[in-house]
Amino acid sequence: MADNSSNLPPSISEYIDQIIKKMRYRKKIRREVEEELTAHFEDALRHTADMEEKMKIAGELINEFGDVETLAKLIRRGKKRCRTLFQKINLLLGQSICAAFILCIVYIVWFFMGKPTPSVDYLARLNELNKSQISQQDNAWPIYQQAIDVYVKPDDADEDLNDEKLSTIIDRMKKRDTEKFKSLTQLSADKRQRLLEWLKANQESWQLYKLASGKEYLYKPYNCGDNEDNMLIGVMLTHIAPLRDVAVVGMWNIEKHLMEDNIKAAVEESMVLIRVGRHVFRQITLIESLVGISISTSGYSSILRILERQDLHIDTLNFIHSQLSQFDNSIFDKNWIEGERMMFIDAVQYVFTDGGPGGGHIVHSMYSDLANFSDDEELISMATIFLHAGRRETLRKANEIYDNLEQFSTMTPYEAHVNNIKSIDELLSGESFYRYNLIHVFMPPLDRVMHRVHQYKATKQAAEVIVASHLLKKQNGSWPQDINQLKDRGLIKEIPIDPYSDKPLVYKITDSGFTLYSLGQDFEDDGGKVNDKEPWGGRGEEADGDRVFWPLPEP
Amino acid sequence: MKFESQLLKGVAPVVVLEVLSDGRMYGYELSEAIQRRSGNVLNLGRGTLYPLLYNLESKGLVKAEWEENEGKRKRRYYSITSKGKDQLSKQKDQWIQLQQAVATIFGIDPIGLPA
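Protein chains in written order, with my numbering: chain A, 79 to 633; chain B, 1147 to 1261.
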């Protein structure tokens, strides 16, 4: 309120008040302006004693000063310009901090309010991709399902086995190459008896399994079980473990046949495993492919163990040879990456919002569940969520990696090695863990899986060469000098190529027969030296050595 | 005489600086001095005066100080700075040149007599 101790007419006091009010500035400055204006009006009216005259002059003065709003604005502008540099910097800093704080709050609110809006049913697409054109009659799955349904689990309640449970003994078959494995002949009588009883109880399951293996293909539609959404990551693969369990029945059946000297039965059971493995390998998910490789490879291993026995009759060799010849290489011609890429894109639509800066941001609640952050990792999860790339960038980066892998999948490991194609680990090592956390966490090691696929193919072809060599030996009395001889005789369809050299597998005549090997993951010819730790050679210190197919390495 | 506001706008700053070059003054005093020295021709709107003074102050052409006189209200005195003096000198030269040029165009003597 203007100081009226000067006895200014009320109109002037009010006028000054309005100017000061509309100035909207710091209190100190407003007080100064008020004082200055009051002084001006006082000076102007000093020589006028008469109140009526004063009022008249006051009116004129007010007119001269002009519109309140405009004057207030001009005065404010002028005073703002009078700020010192220090004041200006301070003000700017304060405004910047406030603005940043507000933006932060808005960002956080916006961030936590978003919801994903999945719009594409990738589960349906995956099932479509996996479906064969062959009729349902040739689908093995319904029979596999029956085999699983009648499978009898080992009864671990029995205390008579003392030192280990029946299931443990049975499961050792899955790791046959470890020193703890004991064949049926090496087990104690009571354990052997229990095992045989279990095998007998599972004969129905096994027979159904065998029947299913003869079908053209396996198609089981993927589903997400009781999950509310159809997120591909939640796809139920509950059939995988039971299929493996029944496969183990087959593996023990082979042991039993070998113990009973029933070679033909052992060969037939081995072929069942190879066929089942091929069925499962053909599926679109990596896990199924890997399990398929495992089951199939156990079948080939069993064949080679049968061959290890001396004096197989030529009819037996012919039988084995004819059985193996039915398996072509067409199963290896599949697009490995498509299904995995689809899974990743599906995960993105469930954890990112759709739209907004960057195409969408990651949603905390969805991502925390998916990445399975523990309570201790809350800070990490928050940091990840705020630092993560937007939807568009995440997809771009993922597709870049998948495109790289597609290129990788068309090459042998050797080709990738000489062309310096980067592995997943190498591709990801240069990328920020937080910015691309979804990729780091969810992208499977596809390049390592590709190695397994090539190894599987090499194992298959190696088994064919070994069987053919034994057959030729039986026919001719001597081992073939080289693999070409087998091809020339029509005993193999093609020369097997070592994926780790892009040359034929190494075949050498030895004193005891022959050796057949691949250079293994170190790409070095170690002269057939067996790698004790990893059959195919690992990485770093475990890389040394070759993958020797024949003679069979000691367990 | 009431002049076009745009005309006054251009001349107001140099006029204020010129008047202040005679000595420091407070707002009312300054407006009276301008009126008087212009022969009652220039009547700088009171509403223009203070914003103008604050602008000149922000540019460092004038400086202001509060002064208390015994028994009287505190007043804010404005005085020209050395920077203001330089500016005044430049603008005065420009005004003189402008005045001559306009006079030539109008066909009159710069002091107001016909050519």
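Careful: at least some of the hints might be erroneous.
[To be verified] Computed cross-link-like contacts, SDA-like style, restricted to lysine to any residue with a CA-CA straight-line distance of at most 25 Å:
(1) B:Lys1205 with A:Arg102
(2) A:Lys132 with B:Arg1182
(3) B:Lys1229 with A:Thr162
(4) A:Lys231 with A:Lys151
(5) B:Lys1209 with A:Ile107
(6) A:Lys607 with A:Arg474
(7) A:Lys166 with A:Val187
(8) A:Lys151 with B:Trp1212
(9) A:Lys253 with A:Glu346
(10) A:Lys132 with B:Lys1229
(11) B:Lys1209 with A:Leu336
[What the hints assert, rightly or not] With beta-carbon atoms standing in for the labels, derived distance ranges:
(12) A:Ile175 with B:Glu1216: 38 to 48 Å
(13) B:Glu1178 with A:Glu92: 53 to 63 Å
(14) A:Glu478 with B:Lys1205: 39 to 49 Å
The hints are simulated quantities; they were obtained by calculation from the structure and are not laboratory data.
Ideal placement from N, C-alpha and C gives every residue a C-beta, glycine not left out.
Structure-based check of all given hints:
For the hint linking Lys1205 (chain B) to Arg102 (chain A), the alpha-carbon distance of about 22 Å falls within 25 Å, and the restraint holds. Of the supplied pair hints, the one linking Lys132 (chain A) and Arg1182 (chain B) holds, its CA atoms being roughly 22 Å apart against a limit of 25 Å. Distance check on the hinted pair: Lys1229 (chain B) and Thr162 (chain A) sit about 17 Å apart at the alpha-carbon level, within 25 Å; holds. Proximity of Lys231 (chain A) to Lys151 (chain A) is assessed by CA-CA distance (about 89 Å); at most 25 Å being required, the pair is judged violated.
Using a Cα cut-off of 25 Å, the hinted pair Lys1209 (chain B) and Ile107 (chain A) holds, with the two alpha carbons roughly 16 Å apart. A threshold of 25 Å between alpha carbons decides the hint, and for Lys607 (chain A) with Arg474 (chain A) the separation of about 44 Å lies outside it, so the pair is violated. Of the supplied pair hints, the one linking Lys166 (chain A) and Val187 (chain A) is violated, its CA atoms being roughly 31 Å apart against a limit of 25 Å. At most 25 Å may separate the alpha-carbon atoms for a hinted pair to count; Lys151 (chain A) and Trp1212 (chain B) meet this at roughly 23 Å.
Straight-line distance between C-alpha atoms of Lys253 (chain A) and Glu346 (chain A) comes to about 22 Å, which keeps the hinted pair within the 25 Å bound. Distance restraint check for Lys132 (chain A) and Lys1229 (chain B): the Cα-Cα separation of roughly 40 Å exceeds the 25 Å cut-off, and the hinted pair is therefore not satisfied. For the hint linking Lys1209 (chain B) to Leu336 (chain A), the alpha-carbon distance of about 112 Å lies beyond 25 Å, and the restraint is violated. Between Ile175 (chain A) and Glu1216 (chain B) the C-beta distance comes to about 46 Å, which sits within the given range of 38 to 48 Å.
At about 25 Å, the beta-carbon gap between Glu1178 (chain B) and Glu92 (chain A) misses the expected band of 53 to 63 Å. The hinted range of 39 to 49 Å is not satisfied by Glu478 (chain A) and Lys1205 (chain B), whose Cβ atoms lie roughly 57 Å apart.
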